[in-house]
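Chains A and B supply the protein sequences, listed in that same order. Final position of the first sequence in our numbering is 341; the numbers increase by one with none missing. Final position of the second sequence in our numbering is 670; the numbers increase by one with none missing.
Just so you know, the hints here were simulated from the structure itself, not pulled from any lab data. Be a bit skeptical, because a hint or two may be false.
[Said to hold, decoys possible] In silico lysine to aspartate or glutamate, EDC-like type, Cα no more than 16 Å apart, as pairs:
no.	chain 1	residue 1	chain 2	residue 2
1	A	K235	A	E71
2	A	K334	B	D638
3	B	K663	A	D341
4	A	K206	A	D216
5	B	K595	B	D569
6	A	K177	A	E212
7	B	K523	B	E354
8	A	K328	B	D638
9	A	K254	A	E71
10	B	K537	B	E591
11	B	K381	A	D260
Computed from a prediction, not measured in an experiment: that's the story for all the values here.
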Amino acid sequence: MAEKTQIAKSVANKFSKETYLYWYELMQLIRQFELTAEEKYKMEGKIRGFFHAYVGQEAIAAGCITATRPEDLFITGYRDHGLAIAKGVSVNSCMAELYGKATGNAKGKGGSMHFFGKDVNFYGGHGIVGAQIGVGAGLAFAEQYRSSDNVVLCFFGDGAARQGILHETFNLAMLWKLPVVFICENNNYAMGTSVERTSVVIDIYKLADGYEMPADTVDGMSAEAVHESVTRAVKRAREKGGPTLLEMKTYRYKGHSISDPAKYRSKEELEEYKEKDPIHQILLTILSSGFATDPEIKTINERVAGIVAESVKFAEESPWPDDSEVLKDIYMDKDYPFIVD
Amino acid sequence: MARSIQFREALREAMSEEMRRDESVFLMGEEVAQYNGAYKVSQGMLAEFGPRRIIDTPITELGFAGVGVGAAQNGLRPIVEFMTWNFAALALDQILNTASKMLAMSGGQISCPIVFRGPNGSAGQLGAQHSTAFESLYANIPGIKVVSPSNGYDAKGLLKQSIRYEEDPVIFMESEVMYGDKSEVPEEEYYIPLGKADIKKQGRDVTIVSFNKMMKVALGAAEELEKDGISSEVIDLRTIRPLDWMTVLESVKKTNRLVIVEEQWPFASVSSELSYRIQKEGFDYLDAPIRRITAADAPLHYAPNLVTAALPDVPGTVNLVKEVMYLEK
Ligand SMILES: Cc1ncc(C[n+]2csc(CCOP(=O)(O)OP(=O)(O)O)c2C)c(N)n1
Ligand SMILES: [Mg+2]
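So here's chain B without its partners, still in its complex pose (with noise of 0.2 Å):
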């Protein structure tokens, strides 16, 4: 039986599921317990765990991610919630120079089963210093997972992947501004392989690739497409790296064209690297150049109408897909 639930509590149920699995598993971070969550991801696992297991920590990013990764590395297998994936530029050391070394170092010996979650990009007004969206610079690191799922269905069973199976650090991205929607998410448990695209809309005449919140403006510009008889296929990355460039391939074979959007800035972006990927491996398929809409090469300026200019949307979507089919606007 399917009930239509929040994207909050999808990520609520995969961790308390976890948790209730398996005893080493804890949650950290800022507000997580007491407050019940900075976003209300956390609510009520303070009073199912107790404060032992849903750990409330002062304001000390760099701090408490290395904490989280020397418990990984003995033995546990932490959650670390950032608040947003700004304040954890503070614990990029860690999980850069450590977490993401630390097998390579010890020559196998050793792993560091640890995921590290929170909001990430953009949310509206809230200024250069809390917009940032950070998946292709952590995909930029080898040694870990990056995961940025779109919907709450997704979100649970790519959470539980990570927590359950993952031995590795796993990078697990969210949003502020998708955290009420609602899917349909099964009672039964289910867990989500990373790595794996996800094909959310069959379609004949180009391929839109897209992930975490910009799929809606992905699945809004097929929407928008279908009535002027275009037909698109929508592409769901939901994991960055590994990157599932094949899915994207197959899909390209068939329909020729590809349009990246992405709330990433430009510069060796997820687009960079995945349009690198299929014009390499799929050059004869394609009857137009890749394109890709991401979001300004600026920092997020605070007015609402720059932050309307700065970021992708369904109407400059719909306009790429109609240049790469060399149709009139």
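So that you can see chain A by itself, here it is in the shape it has in the complex (with noise of 0.2 Å):
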């Protein structure tokens, strides 16, 4: 524990108090968030579907929000509440979403996996494994030819990474040098299977190499080392350098969706990572540099609990979509003939 204080306070100094602050609170409410929305799904049946939680990985949601501007654009997978949260999303509207309620920020149309945000730069929210790799970059070739400095962070899994998808666009993007940062969240499994099982290639961010992309490997359980590198790669693509992938190394500490027991890992391994929670590293930090006594940090928790409660009541008494609402919002058209039978 000492040594791990030690080196908490020699990186303290490179982000100011209230970056601290911020990913804690933020971490935290990710967390909280998962947590509360997983007990609705188990104990009260609120909430249906495949949920994915985000818990453990709540670092690099952090990390890549302060090392981007509000005009940056995120796309992931389905294991995307964390992410959506982070970019600003509304707390309300995601667990509205999860109870498929009208106010959701999809209007309960989408459900865990779909969360999205256009106001805010959150693009989804996508259930076929791979298919944002593309997307995101198709995102990111919007900006570059509108020649706006804006970039995308483009989400995706181990599992994603064997996808073909994930060599075209790779190759495409460094062609065009299209302004994205691919962010492989590497937490080891893609459902039952450990990324040794999946190629030779054990080290995903080498597959950058078959296309000259630079590349890094990342402590995705840091704040700290996830925004150091996103900062790098993001000016890299602002500064029309092109695309970067980094692959953060990370866990999820739940099961790959709420119905997986995961007996394919072990306790220990589990166990492992948890004693490098990226939430209590960053409250370590903290707390030895004196940026915030052990009642802030309370006042902290209850801020995040509330606003959590709040959702949870929000969502409850959200009206359901009305029964008309499945005929629209499938074609821009307003007055498109659907076969009705």
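Reassemble the complex: the two chains are provided individually, in unrelated frames, and hints are given to aid placement.
Right, dumping it as structure tokens:
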């Protein structure tokens, strides 16, 4: 423990008190949101469908947010709650989406896997493994086309890294120097399949080599490390230097989805990662650097609990979408002639 | 002796029996081996057959579908499992452009005896990308066959038939929500030929045709209608391509009315094709327009009420039958 605090102190100088407190609160918010939602799913059956928790991976969301601007775009897979909240999709609308209510961020039409927030540049929430890799590059293409200096952060898992679309997209992104940062959230498992069972190339960042794309491997349990690596990659993209692949080594504390007992990995392995818990690490730094006192941390925790509790209340009191919504949001046309028998 | 076993067990027995018989049969897909199947269909198969024949793949649908197609062309009889048919969209190129066309393009030299299988259609609140029912889409493709069983007994016989006797690519569509369903399955070995519909219930007044999990709606509606003294003949298509329209026609000759229940989107669906065939071959026997109940003409949304509103159900089917019988609802 003593050693850990020491390390934490030495980096502490690089970031401000505000940054640490922001990271702490954001990561707590994501974690408490997930734990509460999971309870509502398991104990009360109020949330259905596939549910993939972000617990354990919060440092990635935290570091990516402080390393980007609000105008930068995020796109990810179905493990999307943490990144949506980080990007600023309202917590109320996230919980309501899980409940399938009309006030959800996708009007109750998407559910857990499909959170969206175009107003805050959050482009979802994608259910087909790997699909967002191509789409992310396309978002970046549009930014480049318009000569903006916005950057796209495109997230995907270690399992998704084996899809063919990754290779086609990496090649195009390099060929056209697209302003995109590919972020592989490597939590070592794709459902029950560990990374070493999917390829002889275990270091996913090396997949960039075939396309001469800059790449790095990053401690995804450290908000500081994530922030620093993303800052470099985003700078490169903004300055028209093209894409970067960042492999973030992280861990999901929960099963793949709510129905997965995760028997394919050991308790010890899980405990080992929990030792490096991203929230705990940041808390140690905050306390040891005197950025906040225990009572101040308690106040933050209470504020977070309040936000999550409010989101549950909001979701529960919200109305269901009207049945007529079945044929709405299918076409932009207002009078599309649907087949109705 | 018949035993009551789950749908997933019936599928497992079909695959295991054929693998014991024929060394060239193997199973490949995501999580099929060490995880024992995402839906536990292949539970225990790795233990019995080993990693040479029960093969976990990375998430690479296009790649492993291609490997399966190549292996089939070169003398093996692959079973390729898709975790769901939604993900097989990535492999469509191999199925449509290679598997289905190789025999034709090679002038009959290269056949492709392969079974692609996995769960299909909606399974509750899974959202738009995990809920598509693909039967009509695949049935549109000449060169492949499409099977979509409604119960474990049929599933076992049809899958054994597909693996052992079908020399062409077979698309085999199951359902997440039926894997736990029990049915009576004999101990003795049996095969069910493709392309034969099954009359599940004899009746006089109306013919109700369905397949896969919508058979529950068809049979449920028939039961409700019975209470009102309406006698329905219920037909399970079991195979979509080739389509056994003749069994349906024979039934319509007796009932003079046809209602089709399916989870497909309405445009160019199984009901579209069947309706065309029956009006052409059986025009003189029809006393009412052929009617259908399909999934809504839209992706399936997540909210529970929107799922219910978008899918065929018993009350809707009952009403439709009453309409074709010109009865008060
Ligand atoms: C094309 C496709 N194939 C399979 C699936 C089923 N599936 C959903 S998530 C998943 C594992 C993905 O793992 P990874 O990319 O590592 O992301 P993680 O879940 O660890 O965040 C699989 C196989 C899918 N949704 N899409
Ligand atoms: Mg993973």
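Cross-check of the supplied hints:
no.	hint	verdict
1	A:K235 with A:E71	holds, 14 Å
2	A:K334 with B:D638	holds, 15 Å
3	B:K663 with A:D341	holds, 15 Å
4	A:K206 with A:D216	holds, 8 Å
5	B:K595 with B:D569	violated, 20 Å
6	A:K177 with A:E212	holds, 11 Å
7	B:K523 with B:E354	holds, 14 Å
8	A:K328 with B:D638	holds, 11 Å
9	A:K254 with A:E71	violated, 32 Å
10	B:K537 with B:E591	holds, 13 Å
11	B:K381 with A:D260	holds, 12 Å
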